[in-house]
Amino acid sequence: MSQPSLRVPLALFAALALVPILRAAGVPIGGFVPLLLERVMVFALAAMSLDLILGVGGLISFGHAAPLAIGAYTVAALDHAGVTEAAIALPCALVASGIFAALTGAVALRTRGVNFIMITLAFAQMVYFAVSSLSDYGGDDGYTLYSRTTVFGRPWLEARSFYVTALVVLFLAWLLLRVITASRFGRALAAVRQNRVRVQALGLNAFAIELVAMVIAAMLCAVAGVLLANEAEFVSPAYGSWSHSGDLMVMVILGGIGSLHGAIIGALVVVLAEEGLGRLTSHWPLIYGPALVLAVLFLRRGLAGIGGSRG
Amino acid sequence: MAEPLLTVADLRKRYGALQVTDGVSLAVHPHEIHAVIGPNGAGKTTLIHQMFGSVRADSGQIRLDGHDITRLAPHRRARLGLARSFQITSVLPEFTVLDNVALAVQGALRSAFRFVRPARREAALNEPALVALARVGLHARAESLAGSLSHGEKRQLELAMALAAKPKVMLLDEPLAGAGPEEAARLIALLRELRTHCAIVLVEHDMDAVFQLADVISVLAQGRVIAWGPPAEIRRDPAVRAAYLGEDF
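Taken in order, these protein sequences are the chains called W and F.
Per the numbering used here, the first sequence starts with residue 1030, numbered consecutively.
Per the numbering used here, the second sequence starts with residue 26, numbered consecutively.
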């Protein structure tokens, strides 16, 4: 239960804040790096929400791309209907992903182990094929947004504001998850991971605890989906594909499972690896794959554990 | 005598061709240690599982303090005042000793859905937990990780967790298993102390301990209660002697 020290996560956020700070100071930072970091922050948010159920709750969900796609397609659907206001899009995304997680979780949580992995994957694939068949929103080809979402009429998701908004949202999500994991709920969730039967014997409803955790994680991930749609100005069924679910798991595990801020490091490494290695050679998975295996073998607590802050 | 706290009436459970519980009835009164003994395979652990709800009985009835709990899920039985310790110690290894017991207090309060206040700093959880730890003599290790405790200490922690829930009845499945003679003596003294707080159903192989502690003993063989009564009577019972085939006690 001892929470990791605050130094590493705060240093990460400070580093991410350098871009807008330098811009405010008049240094013209443009081009590739901030765009890449925007993507990193969006995926970090999705991975961090996965860490609540995967790291804290021990629920190996292989379908976390589903709420990401649900969030993104909420933006697309509203955009198609001419609504581009976050005050409407965000609640819609939260409700849709929350209902999705409650219904699918109620079924998936009746299984354990490999079955749970497979059933969450199956539900995510259902979302993938469902959005692929929505011809109004481009079907397989995806859907290009007419305009980015506004926040109470302000262009906070446009151009350079997007970076700041994504950073603030990521920071707030991190704070929220930290508070939740330290609460009675978080302790009960971590206890269920260690010994489900024992927690039941103490009079706590493990099923309800896990289900609520899945709903919270899905809703946070849908926020990432809303951001992702705006960052790309494009929505694609691929957002909900199983390989995205896998990427999110890799980010969590590589970054440091259960640490929350490890998701930021994981997202950074995965996004940079895909970009960087992709430029080096088109066969980049040949390097990426073995590197991943080595990282999992030798970094038991992920990259966030290298500092040894968790004692 | 007061009304029994826990009654089991004509309980039956069959696994395929094997009748593991064959019409078991027993009654546990307040502040009583009720031992369930019997040769290996007599169905003792299955009986505990049915009492606790992790195995569902085929027929029969289990009542706890006036409630019919026969069909209730384990966590609901726990809320009505049933606590259980495990044959294989099952504390939460990544938590500190104090956090383990504080979680048990949380369980007794039925409180999992609070999301804001840091649980580790809540006096309402920590104080009762420390009291329970002091009672089992483990308060000095409150901040140790539960996974680092010795076997005997884990047993003590189990008892503290069961105690913290302020149960009416504790189901203890072999609380002395794997304990050395010194640890066993300490645990026996502890169980005797615990009886002042709640009734205890005790499944135990250590016959010395059983005859020292029990107020009532039910002897199980092939899924049936073949004898029950105070220890002195059980010791003389010919059916019991036959079931144990001359094992002495």
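Rather than coming from a laboratory, the hints here were simulated on the basis of the structure.
Hints should not be assumed to be uniformly reliable.
[Stated by the list, open to error] Here are the in silico distance ranges between beta carbons for each label pair:
{"id": "1", "chain 1": "W", "residue 1": "Gly-1142", "chain 2": "F", "residue 2": "Ser-84", "range": "25 to 33 Å"}
{"id": "2", "chain 1": "F", "residue 1": "Arg-260", "chain 2": "W", "residue 2": "Ile-1089", "range": "27 to 35 Å"}
{"id": "3", "chain 1": "W", "residue 1": "Ile-1089", "chain 2": "F", "residue 2": "Gln-237", "range": "41 to 49 Å"}
{"id": "4", "chain 1": "W", "residue 1": "Phe-1181", "chain 2": "F", "residue 2": "Gly-91", "range": "54 to 62 Å"}
Even for Gly, the Cβ is constructed at its ideal location relative to N, Cα and C.
These are the hints, each one checked on the structure:
{"no.": "1", "hint": "Gly-1142(W) x Ser-84(F): 25 to 33 Å", "result": "32 Å, holds"}
{"no.": "2", "hint": "Arg-260(F) x Ile-1089(W): 27 to 35 Å", "result": "53 Å, violated"}
{"no.": "3", "hint": "Ile-1089(W) x Gln-237(F): 41 to 49 Å", "result": "47 Å, holds"}
{"no.": "4", "hint": "Phe-1181(W) x Gly-91(F): 54 to 62 Å", "result": "57 Å, holds"}
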